[in-house]
Amino acid sequence: MSEAFLAILKRDLALAARAGGGGELALVFFLTLVVLVPFALGPDLNLLSRIGPAILWLGALLATLIGLDRLFQGDEEDGSLDLIRASALPLELAVLAKGLAHWLTTGLPLALAAPLLGLLVALPAEAMLPVAGTLLVGTPALSFIGATGAALTAGLKRGGLILPILVAPLTVPVLIFGVSASNSALGGTVPFLTPFLILCALSLATLVIGTIAAAAALRQAD
Amino acid sequence: MASLIELANPTRFMRLSSRLLPWFVGAAALLLAVGFYLAFFVAPADYQQGETIRIMFVHVPAAWLALMFYSMMAVSALGTLVWRHPLADVAQKAAAPIGACFALICLITGALWGKPMWGTYWVWDARLTSVLVLFLIYLGIMALWRTLDDPSRAGRAVAILTLVGFVNVPIIKFSVDWWNTLHQPASVFRAGGPTIHPAMLWPLLILAVGFTLLALALHLVAMRAEIMRRRVRTLTIFEAERLDRLAAEVAI
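Going line by line, the protein sequences match chains A and B.
The numbering of the first sequence is the numbering used here, which starts it at 1 and goes up by one.
The numbering of the second sequence is the numbering used here, which starts it at 1 and goes up by one.
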């Protein structure tokens, strides 16, 4: 059983590395978004550093959402989803493997790139690590909330914008606690650990709920 | 033939609902008339808020109903996924626009009330924000209904989305509360407010029941329309198949 799990994980990682169009595009999109913000707000470094964590979090959220519709669509089109459904591996674990691969190729690089992009919005040095840390523990939640939306819209020919519309309202808690943990590292009355631990809890809960819901949605689409 | 068997239960529903509907409409009209009369002519103006307090009589029932219809949709979603009740997804599809409407009414009346009271149409207060997010979830559910063509498949997909949303709504409420208290500790909202006077409470309760009956009547009408729509769809498919067979026979 764990062999099948690892096989799906490896396959998705190899696909992401060789076929392109996944993680690295999300990174470029993230960079573009962060670069666009100062043009809209003006080059005021004080303002930028104050709202820096918010910019990075919004950028990561949008960059994650943008590629999500392909999570199950490719497998649905070439029939490998039917093979996965027919295999002995529970569909929940298959979804977990695919979600994990999505996070490893999208969320993890975004979190690692965040300190670099932080330089662009004049993020203070002491806030770099907390922002990267919140993104590291928060982006799995985005991947797995998104997996539910991707599973619901897997068979759609004219999906497109529907996925972000479904998923975005559900990411409100993650965004709130991600940004508030990052901001508390910049100073404030709330200790860093409180929102950070709630963010971890959200990620863990989403990991379970998202996996089960996505697997249920894939079964219904059959 | 499966669709014919499915029609058996809805037929009973159609008969029952056509008998219930006039009573619902009549009771709703009566209660709304009495409630609005009491609210506009009998209930006193608030000593602080003046005449604008009368917005409350629409605002508060709308907020209740927006939440009630979402809960009803979650129960229908369970009905679709667990019990496979043939009417559950009809009930859920019919409930979504009505719930969204009440959320919108709640937001608009809230904005109109906010302008004279707080001096602004919109405040990023925790309660307002949660209703706004609820409204967005309603819109997402309606969008998913429209993008999936096959009603039974759409019903199951929307049921899953509804349940995921239902789990999320309390989390969103909690996090928005946290977010708001973090950003503006001294809110324009007075916590609690004065306890409500019976002269205002009675019209409010009567109107709440009246609006609920009105919403249920609308829900019944929407469900009947949806059942009719599905029958037309099934009949169209049968007719197309018959014509196909006819054409094939002629060709032979």
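It is possible that some hints are incorrect.
To be verified - Simulated restraints on C-beta separations: (1) G119/B with G188/A: 50 to 60 angstroms; (2) L78/B with D78/A: 33 to 43 angstroms; (3) Y121/B with L31/A: 32 to 42 angstroms; (4) D149/B with A205/A: 28 to 38 angstroms; (5) A7/A with I252/B: 32 to 42 angstroms; (6) A7/A with H85/B: 19 to 29 angstroms; (7) F40/B with R85/A: 57 to 67 angstroms; (8) H85/B with R50/A: 17 to 27 angstroms.
Simulated from the structure, these hints should not be mistaken for laboratory data.
For glycine and all other residues, C-beta sits at the position ideal for the given N, C-alpha and C.
Right, here's what the structure says about each hint:
1. G119/B with G188/A: 50 to 60 angstroms: With Cβ atoms ~28 angstroms apart, the hint is violated.
2. L78/B with D78/A: 33 to 43 angstroms: Roughly 34 angstroms apart at Cβ, these two residues keep to the hinted range, so it holds.
3. Y121/B with L31/A: 32 to 42 angstroms: Distance hint for Y121/B, L31/A holds at roughly 37 angstroms.
4. D149/B with A205/A: 28 to 38 angstroms: Holds - the Cβ-Cβ distance for D149/B and A205/A, about 33 angstroms, lies within 28 to 38 angstroms.
5. A7/A with I252/B: 32 to 42 angstroms: Violated - the Cβ-Cβ distance for A7/A and I252/B, about 51 angstroms, lies outside 32 to 42 angstroms.
6. A7/A with H85/B: 19 to 29 angstroms: 39 angstroms, violated
7. F40/B with R85/A: 57 to 67 angstroms: Given range 57 to 67 angstroms: holds, Cβ gap about 60 angstroms.
8. H85/B with R50/A: 17 to 27 angstroms: Since the Cβ atoms of H85/B and R50/A sit about 53 angstroms apart, the hinted range of 17 to 27 angstroms is violated.
Hint compliance for this structure: hints 1, 5, 6, 8 are broken, all remaining hints hold.
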